[in-house]
Amino acid sequence: SSSKRCFFYRTDLLVDICESLSKENFYEALKRLLILVGKGWPVGIQNSATRIKPLGSFMSIKMMLQRKLIGLQLYSVMLVIFLPWVEAYKTVVLVHGLNCGADSFEDTKQKILDVHPGTNVILLKYFENLRTLDPLPGQLDLVVSELDKIMKKHPDGIHLLCHSQGGLMCLGAVLNLNHTIETFISLSGPLFGQYGVPAGVFDEVPIMKPLLNLSRELVSIPIYSDLFQGAVSIANYWKDPRDSMIEAYEYYSNYVPVILNDPRSRYYNQKDAAIRKENFLRLKNLVLVGGPGDEIITPWQSALFGFYGNDPFSETMLNMTETKMYQDDWFGLKTQNDQGRVTSYVIPGIDHDSWPGSDFVLKLAVYPWLT
Numbered sequence: 002s003s004s005k006r007c008f009f010y011r012t013d014l015l016v017d018i019c020e021s022l023s024k025e026n027f028y029e030a031l032k033r034l035l036i037l038v039g040k041g042w043p044v045g046i047q048n049s050a051t052r053i054k055p056l057g058s059f060m061s062i063k064m065m066l067q068r069k070l071i072g073l074q075l076y077s078v079m080l081v082i083f084l085p086w087v088e089a090y091k092t093v094v095l096v097h098g099l100n101c102g103a104d105s106f107e108d109t110k111q112k113i114l115d116v117h118p119g120t121n122v123i124l125l126k127y128f129e130n131l132r133t134l135d136p137l138p139g140q141l142d143l144v145v146s147e148l149d150k151i152m153k154k155h156p157d158g159i160h161l162l163c164h165s166q167g168g169l170m171c172l173g174a175v176l177n178l179n180h181t182i183e184t185f186i187s188l189s190g191p192l193f194g195q196y197g198v199p200a201g202v203f204d205e206v207p208i209m210k211p212l213l214n215l216s217r218e219l220v221s222i223p224i225y226s227d228l229f230q231g232a233v234s235i236a237n238y239w240k241d242p243r244d245s246m247i248e249a250y251e252y253y254s255n256y257v258p259v260i261l262n263d264p265r266s267r268y269y270n271q272k273d274a275a276i277r278k279e280n281f282l283r284l285k286n287l288v289l290v291g292g293p294g295d296e297i298i299t300p301w302q303s304a305l306f307g308f309y310g311n312d313p314f315s316e317t318m319l320n321m322t323e324t325k326m327y328q329d330d331w332f333g334l335k336t337q338n339d340q341g342r343v344t345s346y347v348i349p350g351i352d353h354d355s356w357p358g359s360d361f362v363l364k365l366a367v368y369p370w371l372t
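Residues in the sequence shown are numbered from 2 upward in steps of one, following my numbering.
For the record, the hints were derived by calculation from the structure and aren't laboratory data. Quick reminder that beta carbons are idealized off the backbone N, C-alpha and C, glycines included. Treat the hints with caution; some may be incorrect.
[As the list claims (entries may be wrong)] Pairs of lysine-lysine, DSSO-like flavour, derived with a Cα cap of 30 Å:
hint, residue 1, residue 2
1, Lys364, Lys112
2, Lys272, Lys210
3, Lys154, Lys126
4, Lys154, Lys285
5, Lys153, Lys91
6, Lys364, Lys335
7, Lys110, Lys154
8, Lys210, Lys150
9, Lys150, Lys126
10, Lys112, Lys91
11, Lys210, Lys278
12, Lys325, Lys285
13, Lys154, Lys210
14, Lys126, Lys285
15, Lys285, Lys91
16, Lys325, Lys110
17, Lys210, Lys240
18, Lys364, Lys110
19, Lys278, Lys150
20, Lys153, Lys285
21, Lys285, Lys150
22, Lys325, Lys154
23, Lys112, Lys126
24, Lys210, Lys110
25, Lys240, Lys278
26, Lys240, Lys154
27, Lys126, Lys110
28, Lys210, Lys91
29, Lys210, Lys153
[Unchecked claim] Beta-carbon label-pair distances, calculated as ranges:
hint, residue 1, residue 2, range
30, Lys325, Val347, 40 to 50 Å
31, Gly358, Leu219, 19 to 29 Å
32, Met318, Leu215, 19 to 29 Å
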């Protein structure tokens, strides 16, 4: 005749342990409660007449039992184990970069869990290792599909933490999904393009081997072709800023100018551009992280939406707000920045592979955003 119920809160999942609380189930639930208290987790009790009250120790639970505030003779009793900081944390999706796999983020995942216990951290599995060199448009299709599935399971919103080329994947997803992404953190991603040959990368790609000994100026000539754009990911974000090459970039490059709504791109479509801009402005926070110690992203300012002027030999840099992309608000970056929703961190002394695992970087630029 009792309507006793026992619930365990675990991350964002409410597990109904028992619909009708038997004596055996009650003691099993109580045992689990004591274990959790012993680990230092906050717990509480609630019945139909009271709000949740905190229980902080074995003694307090014993006293509650003695006072019969918890017991089989009570009706409509709920025994609640609750973790307020866990329930508050949104799902975090980690997206790896070039020549890596999902397991490259295992250390980062554990660090997040150490700071925010119980957080649902997902290592996104998509093109891995050498497959990360596949053309980006095809990779983006899979990333968009996987993130869409994740967001449907977590409608309260998610955070993205993305490294290197993974930052370009995440940026493309933010722009192409009707999403519930709250914060997108990019760790040294070539978001505004790359104009430099990453050390050791071309060694593994047969089509790129002939370019190994060429200067970056000469590399641009074959890269700006349908053959290379359809063969290797790096070609999709290779951006030669010289006046003599900008027309080739706008005509052949099939990823960066497309997702950024560059109106000079041959792939530009006004309707699609409007949708991408609308999607981008759904993002609550954009966090850009980069620094001069990165030996791969060239220029490193690309991680912050900066880039070379039209003469890369002079090393003259345009910061984000000086670019035409920003000033004309191609995809909503200016609007978002004007609303105070863009935060940039310039962190010296971090090499490219160290961004995701650096305790300093995580404490400064990542953990505070994982709400």
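Q) Which hint numbers does the structure go against, in order from smallest to largest? A) Hints 2, 8, 11, 13, 16, 22, 24, 26, 28, 29, 30, 31 not satisfied by this model.
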